[in-house]
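Turn these sequences into a full structure, and let the hints steer you where they fit.
Numbering of the sequence shown is given in my numbering, commencing with residue 1 and proceeding in unit increments.
Worth flagging that the hints you see were computed from the coordinates, not collected in a lab. Note that this is a predicted model, so its numbers are computed, not measured. Treat the hints with care, as some may be off.
Label-pair distances were calculated between CB atoms; the ranges are [said to hold, decoys possible]: (1) K35 <-> I3: 20 to 26 Å; (2) T31 <-> A134: 47 to 53 Å; (3) D27 <-> R114: 46 to 52 Å; (4) A23 <-> T135: 41 to 47 Å; (5) T135 <-> L161: 16 to 22 Å; (6) F163 <-> G138: 26 to 32 Å; (7) A23 <-> G127: 26 to 32 Å; (8) I1 <-> E48: 18 to 24 Å.
The calculated lysine-lysine pairs, modelled on DSS-like cross-linking and capped at a C-alpha distance of 25 Å, are [to be verified]: (9) K104 <-> K93; (10) K93 <-> K78; (11) K104 <-> K78; (12) K78 <-> K35; (13) K93 <-> K158.
Even for Gly, the Cβ is constructed at its ideal location relative to N, Cα and C.
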Amino acid sequence: IPIVHDGVMYLMLPGNTVQALNAATGDVIWTHSRKTGATRAKALAIWEDMVYYTAPDTPDNMIVALDARTGAVRWETKTTGQTTSGAIVVEGKVLSGRTCRTQKDCYISAHDGRTGLEAWRFYTAAGDDDPGGATWAGSPVEGRLATTWGLAGGYDPKSRLIFWGVANP
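Structural data, given as structure tokens:
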């Protein structure tokens, strides 16, 4: 899903490339390619002077911030789980979800938009002692999976609520 800001269209190309185009002419402004892995996340995000994306197919599952003007890497943050949902920015935090293989990989995290440092994480599959743990009706914790695979979440600034879907059968 491309994003347009100040006359520039940012988009992800198949494989491992993010590109900025002049939205009026289609001229390429810059191209950023990762040396390893793919950038197959489904959404880009922009905040201040940075473009954010998740790189799920890299060996280290990176969240990446690029300079919106040049495409240069401003920061990269290694994360756990597979970051396939893309990112959104909420109040200066870059939020991204995970495709999980275990209950502890099932979470949405927020990273500081300027530094990449993790600010918080919310587990989408509650453990027995977590709020909402009883809603799993005693099912074994190791089998509880609530992956955020798919599109990035949404945010309602009036209520200050984040909405994120999970892909459970």
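So, going through the hints one by one against the coordinates:
1. K35 <-> I3: 20 to 26 Å: Since the Cβ atoms of K35 and I3 sit about 24 Å apart, the hinted range of 20 to 26 Å holds.
2. T31 <-> A134: 47 to 53 Å: holds, 50 Å
3. D27 <-> R114: 46 to 52 Å: Since the Cβ atoms of D27 and R114 sit about 29 Å apart, the hinted range of 46 to 52 Å is violated.
4. A23 <-> T135: 41 to 47 Å: holds, 45 Å
5. T135 <-> L161: 16 to 22 Å: holds, 19 Å
6. F163 <-> G138: 26 to 32 Å: Check passed, 28 Å falls within 26 to 32 Å.
7. A23 <-> G127: 26 to 32 Å: violated, 46 Å
8. I1 <-> E48: 18 to 24 Å: holds, 20 Å
9. K104 <-> K93: OK: K104 and K93 at ~21 Å, within 25 Å.
10. K93 <-> K78: Holds, at about 16 Å.
11. K104 <-> K78: holds, 16 Å
12. K78 <-> K35: holds, 15 Å
13. K93 <-> K158: OK: K93 and K158 at ~17 Å, within 25 Å.
The structure is inconsistent with the numbered hints 3 and 7, although it conforms to all the rest.
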